[in-house]
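Start counting the sequence shown at 1; every next residue gets the next number (UniProt numbering).
Check before you lean on any hint, since a few could be wrong.
Claimed, not checked - Taking lysine to aspartate or glutamate pairs in the EDC-like style, the calculated list, with each CA pair at most 16 Å apart, reads:
hint : residue 1 : residue 2
1    : 60        : 532
2    : 540       : 133
3    : 383       : 354
4    : 540       : 504
5    : 41        : 354
6    : 637       : 582
7    : 60        : 498
8    : 226       : 498
9    : 637       : 666
10   : 93        : 107
11   : 291       : 775
12   : 248       : 43
13   : 60        : 591
14   : 547       : 633
If you are wondering where the hints come from, they were derived from the structure by calculation, not from laboratory data. A quick note: this is a predicted structure, and the numbers were derived from the prediction, not measured.
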Amino acid sequence: MGKAENKKYIQKAILTLLMAHLFLPELALSQHSGSIRGIVKDESTGEGLPNVNVGILNTKRGTTTNADGYFTIVNLPSDSVSLSFSYIGYKSKTVTIDSEATVQLLEVQLAKATTQLDEVTVEAEEYEFIKSDRISRTSISPTQIQYLPSLGEKDISRALQLLPGVSGTNESTAGLFVRGGTPDQNLITLDGITLYKVDHFFGFFSAFNSNAIQDVQLHKGGYPAKYGGRLSSVMELNGRSGNFNEFKFSGGLSALSADATLEFPVTDKASVLISGRRSYTDILQTGIYNKIFGLFDDGNTGPGGGEIQGPFGGGQFQTEPDFNFYDLNTKITYRPSNSDLIAISLYGGQDNLDNSRVQQFGGFGPNSSEEDITDLSINDVTKWGNRGAGLRWSRLWNDRLYTNVVLSYSNYFSDRVRQNSSESDEQAFGGFDISGENDVRDVTFKFDAEYKVSDSNDLNIGGQITQNEIDYRNTINDTLNVVNRSNLGTIYTGYVQDDWTLFDRLLITTGIRASYYDVTEEFYWQPRASLELRLTDRLKLKGAWGKYNQFINRTVQEDIQQGSTDFWLLTGNDGMPVGSSEHYIVGASYERPNFLLDVEVYQKNLSGLSEYSLRFGGPLSSIEQEELFFYGDGITKGIDVLFKQNIGRYTGWISYTLSDTDYTFDGLNNGNSYPALHDQTHELKLVSSYKFGKWTLAANWVYATGKPYSAPVGYYDLTLLDGTEYSYLHIGGKNEFRLPAYHRMDLSATYEFNLGTGGNNAKLGLSVFNVYNRDNVWYREFSVDDQNVAVTDINYLGFTPNLFFRINL
Numbered sequence: 001m002g003k004a005e006n007k008k009y010i011q012k013a014i015l016t017l018l019m020a021h022l023f024l025p026e027l028a029l030s031q032h033s034g035s036i037r038g039i040v041k042d043e044s045t046g047e048g049l050p051n052v053n054v055g056i057l058n059t060k061r062g063t064t065t066n067a068d069g070y071f072t073i074v075n076l077p078s079d080s081v082s083l084s085f086s087y088i089g090y091k092s093k094t095v096t097i098d099s100e101a102t103v104q105l106l107e108v109q110l111a112k113a114t115t116q117l118d119e120v121t122v123e124a125e126e127y128e129f130i131k132s133d134r135i136s137r138t139s140i141s142p143t144q145i146q147y148l149p150s151l152g153e154k155d156i157s158r159a160l161q162l163l164p165g166v167s168g169t170n171e172s173t174a175g176l177f178v179r180g181g182t183p184d185q186n187l188i189t190l191d192g193i194t195l196y197k198v199d200h201f202f203g204f205f206s207a208f209n210s211n212a213i214q215d216v217q218l219h220k221g222g223y224p225a226k227y228g229g230r231l232s233s234v235m236e237l238n239g240r241s242g243n244f245n246e247f248k249f250s251g252g253l254s255a256l257s258a259d260a261t262l263e264f265p266v267t268d269k270a271s272v273l274i275s276g277r278r279s280y281t282d283i284l285q286t287g288i289y290n291k292i293f294g295l296f297d298d299g300n301t302g303p304g305g306g307e308i309q310g311p312f313g314g315g316q317f318q319t320e321p322d323f324n325f326y327d328l329n330t331k332i333t334y335r336p337s338n339s340d341l342i343a344i345s346l347y348g349g350q351d352n353l354d355n356s357r358v359q360q361f362g363g364f365g366p367n368s369s370e371e372d373i374t375d376l377s378i379n380d381v382t383k384w385g386n387r388g389a390g391l392r393w394s395r396l397w398n399d400r401l402y403t404n405v406v407l408s409y410s411n412y413f414s415d416r417v418r419q420n421s422s423e424s425d426e427q428a429f430g431g432f433d434i435s436g437e438n439d440v441r442d443v444t445f446k447f448d449a450e451y452k453v454s455d456s457n458d459l460n461i462g463g464q465i466t467q468n469e470i471d472y473r474n475t476i477n478d479t480l481n482v483v484n485r486s487n488l489g490t491i492y493t494g495y496v497q498d499d500w501t502l503f504d505r506l507l508i509t510t511g512i513r514a515s516y517y518d519v520t521e522e523f524y525w526q527p528r529a530s531l532e533l534r535l536t537d538r539l540k541l542k543g544a545w546g547k548y549n550q551f552i553n554r555t556v557q558e559d560i561q562q563g564s565t566d567f568w569l570l571t572g573n574d575g576m577p578v579g580s581s582e583h584y585i586v587g588a589s590y591e592r593p594n595f596l597l598d599v600e601v602y603q604k605n606l607s608g609l610s611e612y613s614l615r616f617g618g619p620l621s622s623i624e625q626e627e628l629f630f631y632g633d634g635i636t637k638g639i640d641v642l643f644k645q646n647i648g649r650y651t652g653w654i655s656y657t658l659s660d661t662d663y664t665f666d667g668l669n670n671g672n673s674y675p676a677l678h679d680q681t682h683e684l685k686l687v688s689s690y691k692f693g694k695w696t697l698a699a700n701w702v703y704a705t706g707k708p709y710s711a712p713v714g715y716y717d718l719t720l721l722d723g724t725e726y727s728y729l730h731i732g733g734k735n736e737f738r739l740p741a742y743h744r745m746d747l748s749a750t751y752e753f754n755l756g757t758g759g760n761n762a763k764l765g766l767s768v769f770n771v772y773n774r775d776n777v778w779y780r781e782f783s784v785d786d787q788n789v790a791v792t793d794i795n796y797l798g799f800t801p802n803l804f805f806r807i808n809l
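Construct the complete structure from the given sequences, taking the supplied hints into account.
This is how it looks when you write it as structure tokens:
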């Protein structure tokens, strides 16, 4: 399909979705007698609150607010009902309404939980960090995670890594390894904008500024038909809209960066939020900065799969590098009526590393004497980051129909240029240049409609068009293209989903998602189903099944000597298959006030996995690109257990995961299955938080089985018949060995106080990462000395303290 024809299809599809958005409301009924629609807002800012639990007291009926804070309940059971509203990090509220009264839109305001506690008994929702109310779905509070121990920054991704089924041992990446999946297999959206590989500082911190985030939802598997395009999980973030009532400023300072947030009303119907962070590491190098960079000095390159290896490529720092990162969130929200919301969201984040330097050597070159001075000039600049923009219009048409339209653009980029040249008093030497770039551009138009058929039946339909354009080039000396790919592909998607509640105890969700991919010119059908059966008021059984496809793939480039890197490519080109997965989940939960025990057993079958491997060596110029790509399958089996308890001033949870993830690739490991690099059999995490007065103390402990790795098992010098000497390094089975077990403890203490009048508006805290200074092995390096293979352990961070300060005005 040519570009011109492709554009025509896109234009027709967008027009169809727009017509559906304009005329679908005519098919909906007007406001029904005995129904209520409303919006839940933050009491202090006027922002709509998403995913608030809304229940009818003395019944088992209820709903949740959508992304804008709207909710609808039809067929109220009596003339007068009481509605309960609960949301993590906020005080619960009960409102009594007359169902016969004429209420165009009920507005409910919730107040944030205060920290100073005068009584031991508090509401459970007020101080919860996480909430798990649907199968494989967890909500976290960006407000509350500030009290958890952190490595330099208040980090949403690090908080999610404390959940069962999410690996908590990957210090060198803020990406999430969810139930045996890899970070690229997670769909990450911010206000509907799809983002790719969002991290800072080579993966040690996520690129999400929690001060700009209102709500976070993580679907660990079995997610509904509304979501697609990824194989493992969905991370959905809703950004804050800003204060509709008054001007507010907040700022913070940590051992790595400073941040500031401005929010203010433009009119009584519009607000603006601007939130930015920037590291000051190019001005002042703190202890945390030096520790992290120390991991990459002396030639350390990393074990594979992360952005860490890309900037360095096996080289070491000979001078102090110039490094910084920043991110900026901007959101403009306009409410032209009580039923409409228009929002513009902008995001930008970037890391910059300049390791350029000039070094002098004596006696360099074949004809040089010791008195000759040679200047070696190295220009080494790397940058990577994300850009994103989104325009959204949502409308609550009546008590039955809500629609949402999003047009978004995002761009992930990673560029590195390294140029070497040398010059002496006597002669000049040729240079050696390496350049690599990877650009992912995503343009998406999306339409979603939620129609409430009855009090027990919700219908969701929608469509999406996504165009991806990806460039990847890796060049040596401007002549040898190790990899040079440029791909364009468009996915046309439609879905329908139906939620049925039977007998107030059984929730059945069925749906199907269909995608047409113009690169392969094929349809991909992705049916989904889930159910939740409430046996008693406290005991619930649940299950889910679904098929999923992924059309954009992050490929890992394995290099035993130089360290591995990764890059993004479109599937369906040059033999790269479209990724697919199938999820099977069953579980049960027992819940009572302030207590939850949740268990889920899962299996995930994966196909269309890819790896780009140089493990067999050989001159690059004699190898076809396709020979370096390997494709295979994977399977993950596991059990997740979550035990959560809230007792007055104390809240905490225990999470445990038992899992096994194996890959099988033709051409690798003789075609035999092997454990994935991120496979860990056992993982146990303990999290606790205790509040008293103005103090909050928190601790977490993480334990996990060691990860697998490959290693050389022998070194041989061979002399061929023609006298040529050949050295051979024999590599053992792929991921045949395992590192020692990983464990660490983190602590934090936060004190809140007044700098002026009006409440707790300042925080001062201390967080300590790896309190008992455990030497956790990140990876192992191997060197050969007199035909003996020597092993060196490269460890993660040891004892690392961090001070932080925050003020709200």
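- prompt: Hint numbers the structure violates, sorted upward?
  reply: 5, 7, 9
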